[in-house]
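Participant: From first to last, the protein sequence lines stand for chains A and B.
Position 192, counted from 1, in the first sequence is what the working numbering calls 238; the numbers after and before it change by one each time, with no gaps.
Position 24, counted from 1, in the second sequence is what the working numbering calls 868; the numbers after and before it change by one each time, with no gaps.
If you are wondering where the hints come from, they were derived from the structure by calculation, not from laboratory data.
Accuracy of the hints is not assured; some may be wrong.
Said to hold, decoys possible - With a cut-off of at most 20 Å between alpha-carbon atoms, the simulated PhoX-like pairs for lysine-lysine come out as follows: (1) B:Lys-978 with A:Lys-264; (2) B:Lys-937 with B:Lys-891; (3) B:Lys-971 with A:Lys-293; (4) B:Lys-871 with B:Lys-992; (5) B:Lys-971 with B:Lys-996; (6) A:Lys-124 with B:Lys-980; (7) A:Lys-124 with B:Lys-971; (8) A:Lys-183 with B:Lys-980; (9) B:Lys-980 with A:Lys-264; (10) A:Lys-113 with B:Lys-980; (11) B:Lys-954 with A:Lys-264; (12) B:Lys-894 with B:Lys-941.
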Amino acid sequence: MIRKFIQILIITMFLQSGVALAGSADSEELKGSKSKSSANECFEGVSRAIFKFNYALDGAVFEPVAKGYRSLPQGLRKGTGNVVDNLRSLLTLTNNLLQGDFRGAGSTAGRFAINTTVGVFGIFDPATKLGLAESQKEDFGQTMGVWGVDSGCYFVLPILGPTTIRDSVGLIGNTFLDPVYQITHNTEISNGVVGNGNYSEHNYYYYRGTGAIDFRAKNIESFNSLENNSIDLYASVKSLYLQDRSKKISDLKTSTETLSDDDWEEIDSN
Amino acid sequence: MKKKIFIIIFLIFGLTQNCYAYSSDPKQFITEVVDETKKILVGTNQKEFKEKKLEEVAKKTADIKGIGMYTLGKYRKNLTDEQLSKYEMLFEKYFLKSFSSRLSDYSDPKIDVLSAEILNPKYTIVKSVLLSTKKKPALQIDWRVYTKNPEKPLIRDLIVEGLSLARTQKEEFASVIESNNKDINKLFDALEEFIAK
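Isolated chain A (complex conformation):
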């Protein structure tokens, strides 16, 4: 595992060093903005090709599966989504702590405890009814952003989609920090502390896959609308991804915080 991590780190550093060269082909508008929600391209041509591949894969596999999932009874979908969210909250909890957000950590831990017990392994969400509203999901990419790590350049990963150097390192970090990953992958834990062979590796991928399908099913119309109304879908997805990451890292709750008026300043039309 450690060897794999080192290999990925080396590749990541190689990619980072390529930014200066690859960025020269990028949109000035995208990189020239003062906003944090901008990033250079690492290798736009390759990213566009991978994006095309992902798009075709989505149309052939993920969208049909998401549509099938959506035909299930609403209660079943809701319960499934709740269980996945409840497990996912463990990764949020770890990152709340790493970010020094102890209030958020308390809220996440409280929600997890209530929903796992009273909510029957997270199928139901009594915590929200008790006033512990669901907080924003956190991951290690966001944590590094909070620590001040720059996003690095933007690229697209096969299947996993849009990312940046920081967020791709975050993906690796997540596997170390996610208790669900550790329980399902760490043989010492499964043989010793936690207990038995039920926590095998594939359970982790079922959980992640279900989460992805649940997300896709909730956003079928939004994706279709974006697709139908874009003149450059790749650029739209990039913009939305970077805006979303910037918002999450800053933990901004309102639009008045997320939007600077600078860009609008010169436009006077009445």
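Given chain A, work out where chain B should sit, using these hints.
Facilitator: Relative to the frame of chain A, chain B by itself:
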């Protein structure tokens, strides 16, 4: 005779008032736009009629020219007068088509307009929420309202879950221009293609 004059004055007054029949209060203005849009979406199943009516609402309530200039970003400074007028013409068509197409997918949207926050004399953000349905989760939608003319507020941006549609469009246009050696005509081609779709 007096009655006739009164009716004529009333009609003239009424007609001039109806040119912009929306409230000057940004929150009330958005409530009225939402209500009007909803009436159109619920009122008919004919897609073409629906889209035409939605376009009329957009023409009255959105600052299409301002959004177009914002979306073009720094490239607007390099255009000739001819290119600028072509862009404005194409952008309006693109915007109206995109606006009506996005909305006509909704058959009966339930939007609660919640509050308004004045940013400065030029801008107010009106907050609303698109309520969840069996299929879709709730969405927070904020409206950037341009209030430079306080009597005639206009919509400049929709911010869905914190993501600005105007900014997304701006970066999309910039990408098209940049990836074609900064040739603005390629953007015109892309817009024309979209309009003809």
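Participant: For every hint, state whether the structure bears it out.
Facilitator: So, going through the hints one by one against the coordinates:
Only pairs whose Cα atoms come within 20 Å are accepted, and Lys-978 (chain B) paired with Lys-264 (chain A) is accepted, the gap being roughly 10 Å. At most 20 Å may separate the alpha-carbon atoms for a hinted pair to count; Lys-937 (chain B) and Lys-891 (chain B) meet this at roughly 17 Å. Between Lys-971 (chain B) and Lys-293 (chain A) the CA atoms are separated by roughly 17 Å; this keeps the pair inside 20 Å, and the hint holds. Of the supplied pair hints, the one linking Lys-871 (chain B) and Lys-992 (chain B) holds, its CA atoms being roughly 15 Å apart against a limit of 20 Å.
The suggested pairing of Lys-971 (chain B) with Lys-996 (chain B) holds, with an alpha-carbon distance near 19 Å, which does not exceed 20 Å. The suggested pairing of Lys-124 (chain A) with Lys-980 (chain B) holds, with an alpha-carbon distance near 11 Å, which does not exceed 20 Å. Of the supplied pair hints, the one linking Lys-124 (chain A) and Lys-971 (chain B) is violated, its CA atoms being roughly 27 Å apart against a limit of 20 Å. For the hint linking Lys-183 (chain A) to Lys-980 (chain B), the alpha-carbon distance of about 19 Å falls within 20 Å, and the restraint holds.
A threshold of 20 Å between alpha carbons decides the hint, and for Lys-980 (chain B) with Lys-264 (chain A) the separation of about 6 Å falls inside it, so the pair holds. Our distance criterion of 20 Å between C-alpha atoms is met by Lys-113 (chain A) and Lys-980 (chain B), whose separation comes to about 13 Å. Pair hint Lys-954 (chain B) plus Lys-264 (chain A) holds up; C-alpha atoms about 17 Å apart against a cutoff of 20 Å. A hinted pair counts as satisfied when its Cα atoms are at most 20 Å apart, and Lys-894 (chain B) with Lys-941 (chain B) qualifies at roughly 12 Å.
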